[in-house]
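K.L.:
Hints in hand, dock the two standalone chains.
Protein sequence lines, in the order shown, are assigned to chains A and B. Taking my numbering, I'd label the letters of the first sequence as residues 1 to 337. Taking my numbering, I'd label the letters of the second sequence as residues 338 to 480.
No lab work stands behind these hints: they were computed from the structure. Glycine is no exception: its CB is placed at the ideal position from the N, C-alpha and C atoms. Watch out, some of these pointers could steer you wrong.
With a cut-off of at most 25 Å between alpha-carbon atoms, the simulated SDA-like pairs for lysine to any residue come out as follows [what the hints assert, rightly or not]:
#, chain 1, residue 1, chain 2, residue 2
1, A, K254, A, Q105
2, B, K476, A, T296
3, A, K88, B, M458
4, B, K473, A, N245
5, B, K473, A, K98
6, A, K113, B, K476
7, A, K84, A, I154
8, B, K407, B, K476
9, B, K407, A, D22
10, B, K476, A, G326
11, B, K407, A, T296
12, A, K98, B, E464
13, A, K91, A, T73
Selected chain A positions facing chain B (Cβ under 10 Å, derived; list incomplete) [unchecked claim]:
#, residue
14, L115
15, G124
16, E279
17, L283
Every beta carbon over 10 Å from chain A, so not counted as near; a handful from chain B, in silico [unchecked claim]:
#, residue
18, T420
19, K425
20, S460
Listed below are the residues making up each chain.
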Amino acid sequence: MINFWFLISFIFVCPIFAQQSDFSHIDFSQADRNAQSCKNEKLNNLPKLINKLTDGLPTEAERFRAIYLWVCTNISNDYNLYLKNKRKRRKFKNDSLKLSHWNSQLNKVIFHKLLKNKKTICSGYAYLIKKLADLANLNSEIINGYGRTSTTNIDELNSPNHSWIAIELNGKWYLCDPTWASGIQNASTLQFTFQYNDGYFLSNPELFAVNHFPIEKKWFLLEGNTSTFNDFLEAPVIYGKAYENLLTLPSPKKMHQTIAKHEKVAIKFVLQKPIVQKEISLLIDNGHKNKKTKPTYTSIKGHTLTLEHQFNSNGFYDVHVYFGEGLISTFTVKVEH
Amino acid sequence: MRTNKILIQNRFSLKLKNLIGLIGFFIIVFLVSNPIHAQTDLASTNQDIMVEGVVNDELGKPLEANITLKGTKVGTFASEDGTFTFPKELKQNDILIFSHLGFNTIEITIVENSKFLEVTMSSDVVEMLGAPQVDKPYKSKSN
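Isolated chain B, as found in the complex (with noise of 0.2 Å):
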């Protein structure tokens, strides 16, 4: 009887140990591959990402549009050949702006292979109408 129940707690108590083993053997794998797993993230979104390119018309011409970085007064312009770099490296989720008159402004959000970007930028279609302003007085035909 006495055997039996040192029997039951020896079988308990490896299993007990087992557990722990286990639950020791999670804990360093977490300890150790955690770390690393956030150190991936940290240089993934905070890389600076040099940022080059160019941008074009529908048409496939170049185009001297103005790039900005939004919510900054960073910005440039694209060259004749319509081939830009950027002067401020950039990070993740970073939008950059294209603007240029009779065109669409669009913007563009940074991501982690952002580094070739290649613009092409549509007319802006506006419905051309003109009435100008006079001061000529009023003259009857009839009179």
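Excised from the complex, chain A in its bound form (with noise of 0.2 Å):
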């Protein structure tokens, strides 16, 4: 019965903007076992891959799905050319001449890297899944942009950093990221580990624009005021699980909240799919120590989920929001008298 009143009131809330509930009704199951058939297909030969991955998928959208899959699960994350691509981007800010020619030298590294060794940083994977979407005739565009994760250092995102895709499907835009929705990079080890996240395939623009901000204002596919690059920047801090769980992130708005003792912060989530109340935690952290504990108050009312804790102690907090093992947000609360 729950679930019935979540499912009305989700019906009344999502079909504002372009996401992956407007294809509840087309079961990708078959262009899903297309991708995984297609596991050991090499890059020289995109024709045969396309005709592989799409064939007898009936509509655009399980097309697209097939060639996005596959991707997202055949190619991994080069960190070591993204590293030598971040020093020299840096280094050649302000000096256009040479930024294009380490590109166009780049450009060359990358591609054939990705033939030989099916291995690629952000704009590979958006430039791979626009040629072969080109060859399935879907019209899709490579978007370049700023992309903030949990360890992105706000104070030196000072130029573009990431690219996604947006893919035209049955008239309408929407938006994906294939490079986070691929797998999980570690900085330390070097490793990349394969990870799909089905959050990132035709993501609600709203919660999108939370850790991702185009170059080209069009490309938020949001209708009205769309967010500053200074709110951007201010933004609490969401993870590739709040993809799997959240539409919207109506509150906190801001990553640095600052409250008096007693107080509460309130946090307010808009809900993909209904979720049991002893499955939310918070883990509190104070520069020594960390506590999980539950929040002082929870509602949840159909797709809202409304989260309240009291601070007693003066401090300086990392809060991160948890849904069982998955971490969701994270914002910070300084509490004075």
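P.N.:
As structure tokens, then:
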């Protein structure tokens, strides 16, 4: 019964923006099987790959799904190349000629590595999806902009650092992030682990805008006022699990909160799917030790989850919100007298 | 008066005969020439063309590109020296798609003299950026 009312309220909340739920009537299992069956295909014969991927798929959404899933589950992230590119782009930031020369050199390296080792960086993921989508007569765009993860140093985020993809399906544009959907990069061991996250497939643009800021405003795919670059820099950190569980994150809007002792901070999430209250917890870190605790107040009404937590000691806290073992979001709280 | 009438009638029938003759001539010319013309047209559109060629990048380096007949699964790829022979005889207005990772995909429409194609593919230029995903929890500097 709870699920029924959740669905009813969901229907009234969701149809605003282009997102995965637009295709809830489509069964993607055949598309997923096609992607799986092409596991060992190489990139030296793109027409053959596209024929196998799209074989027997009647809709645009299914054909795109097979392409997207294949790229996300077969192409790994090249962390060394990412670091080298980051260094060079920073070095040539104010020298457009040198930057352009470096980029054209890098293009050759990236295409070669993609072809031979199926390894790349963000733009390579987006490029490959576009290349395959073109061959399948699907309209797509590589979107360049800024991406924020938990380790992004926002003080250094002064030039674009990320690329993702927009795809037109049945005349409507959608956003996907194949790099982040593909897996997790361990910065210490340099290991990349494939860990497909379906939340980045046709994501809700409102949630996407929390940690993606396109250079061209139109690629927010949002109507009305979109966030400014400062709003984007000041937003809370969200993780991959947020894309699997949330539709939007109405509050907090800012990463850093300041409250007085014994006051509460409020958190409000719009959920994609029902959640059990006991699954929700906070991990509060004061810099010396951390403690997992339940929020002072929890309310789940339809698709809206409201949490409140009271702080009774002065200090500076990192507050991590968990659903089960999945880390959803982090913000900080400064508690003053 | 009567003689004049006969003369006029004779002259009229002579003009009519000439006209019929002329029309007949045109009909014969049309009938004779048209089938030939039609045959030529038919031959030029339906003639099978064996297409060969070479694919290079913009620096003249051979490229092992994929070559596909648009709308079909028929295709081949260029060998190490960039040369290819398309496995199926093509007709005028067929379209060949040349693709290779890192290069602009190009389409070439087959015409009567498309027996040998020299194809130059230019490199794709992508602004290369990258921020990988991590699942490490955020840690404040002040913490």
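K.L.:
None of the hints should be skipped; say for each whether it holds.
P.N.:
Hints versus structure:
1. A:K254 / A:Q105: Measuring from Cα to Cα gives roughly 39 Å; hence the hint is violated.
2. B:K476 / A:T296: OK: K476 of chain B and T296 of chain A at ~23 Å, within 25 Å.
3. A:K88 / B:M458: Distance ~28 Å between K88 of chain A and M458 of chain B Cα, so the pair is violated.
4. B:K473 / A:N245: With Cα atoms ~18 Å apart, K473 of chain B and N245 of chain A stay inside 25 Å; holds.
5. B:K473 / A:K98: Violated, because 34 Å separates the two Cα atoms, which is more than 25 Å.
6. A:K113 / B:K476: This hinted pair is violated, its Cα atoms lying about 33 Å apart.
7. A:K84 / A:I154: Holds, at about 19 Å.
8. B:K407 / B:K476: violated, 53 Å
9. B:K407 / A:D22: violated, 31 Å
10. B:K476 / A:G326: Given that 25 Å is the threshold and the Cα spacing comes to 17 Å, the pair holds.
11. B:K407 / A:T296: Violated, at roughly 63 Å.
12. A:K98 / B:E464: Holds. K98 of chain A to E464 of chain B sits at ~14 Å (cutoff 25 Å).
13. A:K91 / A:T73: violated, 33 Å
14. L115: With a minimum Cβ separation of about 5 Å from chain B (threshold 10 Å), the hint on L115 of chain A holds.
15. G124: holds, 7 Å
16. E279: Constraint on E279 of chain A not satisfied, violated at 18 Å.
17. L283: holds, 8 Å
18. T420: The claim holds: T420 of chain B sits with its nearest Cβ about 17 Å from chain A, beyond 10 Å.
19. K425: holds, 14 Å
20. S460: violated, 7 Å
In summary, the structure is inconsistent with hints 1, 3, 5, 6, 8, 9, 11, 13, 16, 20 from the numbered list given earlier, while agreeing with the others.
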